[in-house]
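K.L.:
Position 150 of the sequence shown, counting from 1, maps to 151 under this note's numbering, and the rest follow consecutively.
Do not rely on the hints blindly, as some may be mistaken.
Claimed, not checked - DEER-style ranges, computed between Cβ atoms:
| hint | residue 1 | residue 2 | range |
| --- | --- | --- | --- |
| 1 | A74 | G156 | 35 to 45 Å |
| 2 | G43 | R132 | 17 to 27 Å |
| 3 | V148 | L101 | 38 to 48 Å |
| 4 | L114 | T168 | 20 to 30 Å |
| 5 | G43 | M2 | 28 to 38 Å |
| 6 | T52 | E147 | 35 to 45 Å |
| 7 | S106 | H24 | 17 to 27 Å |
| 8 | G43 | Q133 | 15 to 25 Å |
| 9 | A102 | R75 | 39 to 49 Å |
| 10 | V19 | D142 | 12 to 22 Å |
| 11 | L112 | I138 | 20 to 30 Å |
| 12 | L108 | D34 | 18 to 28 Å |
The set of hints was computed from the structure by calculation and includes no laboratory data. Only a predicted model underlies this, so the values are computations on that prediction, with no experimental measurement involved. Think of the CB as a built atom: it goes at the ideal place given N, C-alpha and C, for glycine as much as any other residue.
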Amino acid sequence: MRVLLIGPPGAGKGTQAVRLAAHLSIQHISTGDLFREHIDQGTELGQNAHTHIRAGLLAPDEVTIGVIKERLARPDTECGFLLDGFPRNLAQAQALDGILADSKSRLDAVLDLEIPEAQVVRRIAGRRLCRQDREHIFHVDYSPAEVAGACDVCGGELYQRDDDRETTVRKRLEVIAARRRRSSTTTKLRAW
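Starting from the given sequences, assemble the full structure and let the hints guide the process.
P.N.:
Spelled out as structure tokens, the structure:
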């Protein structure tokens, strides 16, 4: 099964994607995770993405498409995948069409999560991650650590990612809204 999960940052795509991918026994592919993987590995795609993300901008389409194309070419996606946060605009949707056509496959489902902007900002700006294991995620309001600043699981330091800061989140939301207005992405993706 090949599933696409779209929606604004902080809508809960990651949480729902992990659950759904596990239930369907398919790979969960998150653009955010792919960017962090490429940034950690110091790849050219990662360096390019990091420059934009740190400035509160979305990574350019060619970078985003590049990391997705590389990931979908791995053998573990042959039985299916769940794309989390890709595509975000018409150019990326068209690129995905091409990638799927090249592999003679298609999407089985597209799920669009919607959430008010104020809730997006609150969810993302309150998120804290463990430096020792990024799988350990807390939230200052919804699931705070028992000891402020320390991971309940391993004791590692909790931190806020640069792209989770409120000003960065608001800027990303403005960029996403502008892109959607320019390309009518929502309508075109829903027609998919």
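K.L.:
Now, for every hint given, state plainly whether the structure supports it.
P.N.:
Hint check results:
In this structure the supplied range 35 to 45 Å holds for A74 paired with G156, their Cβ-Cβ distance being about 38 Å. The beta-carbon spacing between G43 and R132, approximately 19 Å, falls within the hinted interval of 17 to 27 Å. In this structure the hint that V148 and L101 lie 38 to 48 Å apart at CB holds, the actual value being about 46 Å. At about 24 Å, the CB distance of L114 to T168 agrees with the hint of 20 to 30 Å.
The supplied range of 28 to 38 Å is met by G43 and M2, whose beta-carbon atoms lie about 34 Å from each other. Between T52 and E147 the C-beta distance comes to about 37 Å, which sits within the given range of 35 to 45 Å. Against the hinted window of 17 to 27 Å, the Cβ-Cβ separation of S106 and H24 comes to about 20 Å, which satisfies the hint. As the Cβ distance of G43 to Q133 is approximately 20 Å, the hint placing it in 15 to 25 Å holds.
For the pair A102 and R75, the supplied restraint of 39 to 49 Å is violated, since their beta-carbon distance comes to about 18 Å. In this structure, V19 and D142 meet the distance hint of 12 to 22 Å, their C-beta atoms being roughly 21 Å apart. Between L112 and I138 the CB atoms are about 21 Å apart, so this pair conforms to the stated range of 20 to 30 Å. For L108 paired with D34, a C-beta distance near 20 Å keeps the hint of 18 to 28 Å intact.
Of the hints listed earlier, the one the structure fails to meet is number 9.
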